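K.L.:
One letter stands for each residue in the lines below.
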Amino acid sequence: MATFPIPHREPFLFLTRHDATRGEEALFAYEMPRHSDSFSLKMFPSLLMVEAMAQAAAAFHGVRMNEDDGGDGHVETGVLASVDKVRVSGRPKPGDTLTIKIKRRKTFGPMVLLDGEVWVSHRLAATAELYVRRGGPGGPE
Amino acid sequence: MSQVTAVEVRDLVMETLNLHEEYEPEEVEVDASLFGDDGLGLDSLDALQLAVAVEEKWGVTIDENIGETVFANIQTIADHINANR
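From first to last, the protein sequence lines are chains A and B.
Residue numbers for the first sequence follow our numbering, beginning at 2 and rising by one.
Residue numbers for the second sequence follow our numbering, beginning at 39 and rising by one.
What the hints contain is simulated information worked out from the structure, not anything from laboratory work.
Keep in mind the model is a prediction, meaning the values are calculated, not measured.
There are no misleading hints in this set.
Here are the computed lysine-lysine pairs in the DSSO-like style, where the Cα-Cα straight-line distance is at most 27 Å:
1) B:Lys95 x A:Lys86
2) A:Lys86 x A:Lys102
3) A:Lys86 x A:Lys104
4) B:Lys95 x A:Lys107
5) A:Lys104 x B:Lys95
6) A:Lys102 x B:Lys95
Here's a subset of chain A near chain B, in silico, CB distances under 10 Å, partners left out:
7) Ala82
8) Arg106
9) Lys107
10) Thr108
11) Phe109
12) Pro111
13) Val113
14) Leu114
15) Tyr132
16) Arg134
We put the CB at the ideal spot given by N, CA and C, even for glycine.
Chain A extracted, bound-state conformation:
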């Protein structure tokens, strides 16, 4: 099981792997469990796609900030501060794999703006703007 620089853990972790990072962009994936006793939803709630984008944004932020700081092993955490312009156009089903694309658009002081997309079977299922605060509560002002 891959680990990510965020505090989320099963069953509230909606990232399975980090597929790639290229500059200001990163790709993550979430392999949704198939229908079972432990996962009885027939559809993946739309809100959880937003949560998956938020987790990917915070994880990407942590990885990138570590690289920006020279990769000294200290991984800065990020905390979701706001979500805006959410659009949902698809409903994944159990067994689907979500491809989560994150792009860091702007950093300003302690805040970072990232664009998020969720793709399912080559179809865009959700988009959002995600605002991550560096360091979380009590972080840099």
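Guided by the hints, dock chain B onto chain A, whose structure is given.
P.N.:
Using the frame of chain A, we list chain B on its own:
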């Protein structure tokens, strides 16, 4: 190229941050502090949203290193835009 007025910036600030629910436009003075308890009380999230909005509307980037100076008030934002267009 015409100058961007403080009123135009004020309109963008109010629209971007949904301040219409709290203030009438004329209540927002162009030389009043945007941040802090004695001003509009904006925070770091507002600053990022404003920086993005200014960049999208007028194509002027606000470097985070001078953000505190540029975002002192609405007039200083307009001055920065006009000096960098």
